[in-house]
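Order-wise, the sequence lines are chains X and V.
When we follow this note's numbering, the leftmost residue of the first sequence carries the number 144, and every step to the right adds one.
When we follow this note's numbering, the leftmost residue of the second sequence carries the number 64, and every step to the right adds one.
Worth flagging that the hints you see were computed from the coordinates, not collected in a lab.
Keep in mind that the hints are not guaranteed to be accurate.
To be verified - Partner residues aside, some chain X positions facing chain V, computed with beta carbon under 7 angstroms:
| id | residue |
| --- | --- |
| 1 | 213 |
| 2 | 242 |
| 3 | 248 |
| 4 | 391 |
| 5 | 392 |
| 6 | 396 |
| 7 | 398 |
| 8 | 400 |
| 9 | 402 |
| 10 | 417 |
| 11 | 418 |
| 12 | 419 |
| 13 | 423 |
| 14 | 441 |
| 15 | 445 |
Glycine residues also receive a C-beta, built at the ideal position from the N, C-alpha and C atoms.
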Amino acid sequence: MKNYYSLLNSDWNSALDQLLANYSIYAPFKNIDSSDYELVNQENIYEISYNIPKPTTPLKTFFLPIKENLIVTLKTINKRIIIGTPNCDIQGLNILDEIYLDKDYIDTAYKDKRDNTLLIATSCYETQEHCHCMAYDIRPFSKEIADISLSHLDGKIHLEVLSEKGEKFIIELKNYASISNSSELEIKNIELKQSKIENTIIANNTELPDYKKTGEIVQKAKEVIWSKYSSKCVSCGACASICPTCTCFLLVDKPEFEKVRQLDACQYPGFERVAGDEDALHELSKRFRNRYFCKYVWKPQKFKSLVCTGCGRCIEACIGKINKNELFKELAN
Amino acid sequence: MSDKTNIYKPIKAKLLKVITESPTIKTFIMEPAEDFSFKTGEFIELTVDGIGEAPFTPSSSPLETKQIEVTVMKTGYVTEYLHKMKPGETLGIRGPFGRGYPIENFYDKEVLILGGGCGFAPIRSLLYSLAAISDRLRKVTLCYGSKTPDECIYKPYVDQLRNTPKFEVLRTVDVPDETWTESVGVATVLLDKVKVDIENSVAVCCGPPIMMKFGTIRLLELGFKDEQIYLSMEKNMSCGHGKCGHCMMGKYFVCKDGPVFTYNELKDTPSIWE
Chain X
144 MKNYYSLLNS DWNSALDQLL ANYSIYAPFK NIDSSDYELV NQENIYEISY
194 NIPKPTTPLK TFFLPIKENL IVTLKTINKR IIIGTPNCDI QGLNILDEIY
244 LDKDYIDTAY KDKRDNTLLI ATSCYETQEH CHCMAYDIRP FSKEIADISL
294 SHLDGKIHLE VLSEKGEKFI IELKNYASIS NSSELEIKNI ELKQSKIENT
344 IIANNTELPD YKKTGEIVQK AKEVIWSKYS SKCVSCGACA SICPTCTCFL
394 LVDKPEFEKV RQLDACQYPG FERVAGDEDA LHELSKRFRN RYFCKYVWKP
444 QKFKSLVCTG CGRCIEACIG KINKNELFKE LAN
Chain V
64 MSDKTNIYKP IKAKLLKVIT ESPTIKTFIM EPAEDFSFKT GEFIELTVDG
114 IGEAPFTPSS SPLETKQIEV TVMKTGYVTE YLHKMKPGET LGIRGPFGRG
164 YPIENFYDKE VLILGGGCGF APIRSLLYSL AAISDRLRKV TLCYGSKTPD
214 ECIYKPYVDQ LRNTPKFEVL RTVDVPDETW TESVGVATVL LDKVKVDIEN
264 SVAVCCGPPI MMKFGTIRLL ELGFKDEQIY LSMEKNMSCG HGKCGHCMMG
314 KYFVCKDGPV FTYNELKDTP SIWE
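Please model the complete structure; the sequences and the hints are all you need to start from.
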């Protein structure tokens, strides 16, 4: 296959080692009961986890840091490679790109980070309890947006090129390692693994309505549903903070006309408050409902991209144990 | 214009003069460090250095590019600091942002304007624009309401308008004093006093949410169609580019898709008056 390359694990590791001279490389590492991105160094290269489901931190934080001075620190970042991003997060970049690369107002801080990042996505070989990407027509492996899709198989790393940037990276990689084309059998075996995990995710989420129906369901939901589910909400904003597609922010002013962007959430009190204390989202249940309308009704009317990618992080992060899949199941029946 | 390479960086503007319009409202005349142009109804983000930024629709004429004016009611954190500022001090400006009044749609029409309180600020900018094209308009009627005679702003400008052919001004206050000779009651009462050829009219509404709500209801009762009513919406516009999410109103970002909307565009959006 033209766009499918492979190399031995050991060669890949040694290539990464040499690439560290030119790039900051981030990859997922397993912790006790989770995994998260860490900066790769010469010592930890061998501990990178491949083909695992989503890391704790969403990909968006690489492009929209929690806090960022938009005036003084606005400078070109070092080139970087992010390895091991599952497709739910990769697809989440679509809405970020629509908003932050909007041709009328390009956000240069965001664009600089996007331009200088090579994205090596990964196929999920495992699934987590709340993964439901397939319910929203997102497959657990990337075929677009990322530059390369990585699959680990039988002592080899397979790299499927998805973009021109990815193609250039393969050329660069050839300076450091011996690379050959993946065989048809190897590709077939990867596809078998992918298809197996697709079926598992489908089987785990049979009761969930698909994405196309979610907007209508949210619009029809009665007040009692919002009251019931929001009664356990404490406005901590974890759902929005950890969501790969929630990108609202606050601009904080500093002396010398500096502006600091800080990630914000519509779940926090005062999000829509204006001078004179008018606040359309003063009540907690309205803030709770707002997030569902934003994701499943309003943004889909305005943008092409999906605004929920079925990663399930909001369910895991909620300290009130609010499960939005349970809410949708209740509403769908 | 704002710096295109960094959409968050304000340009400096020197505060030239502060006019006290009412006990709570002041007009700030500024000279931007570079020419600054806007279309009427578009808004700017004004930075009080190190304190905060807030959205205001300029009250000056869009034809003036050397100076820009905003009229501000002291009502929150940023405006409180702004009200303490003196000529010579420096402010920051970003913008202009959004979609203003499509005044080309007003040609050959009567323009009925309903304004309240500090909502006169964007309206004054609109009136300057309309005066410049008055030969293409049938008539312009301003119905303006404020709480008290003291709170009526732009008094010299109102006198000037009353002497301008094709322009008419009706005013009302909620609580009159012994000197007040005009109407008494909320702004919408004035709508019953004007003669309008509704079929050949457009209506513009700008003011506090409660006035916008009841003003729109009354305009509809009078026979205005949804698409004939232009509303200047106020939300928590912050970034100005449809990114930060604070001014989302249904599927719209008020900062980018508005702040001027026809009622037709908004009528299916929930909670627009909140």
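Where does the structure disagree with the numbered hints, that is, which hint numbers, in rising order? none
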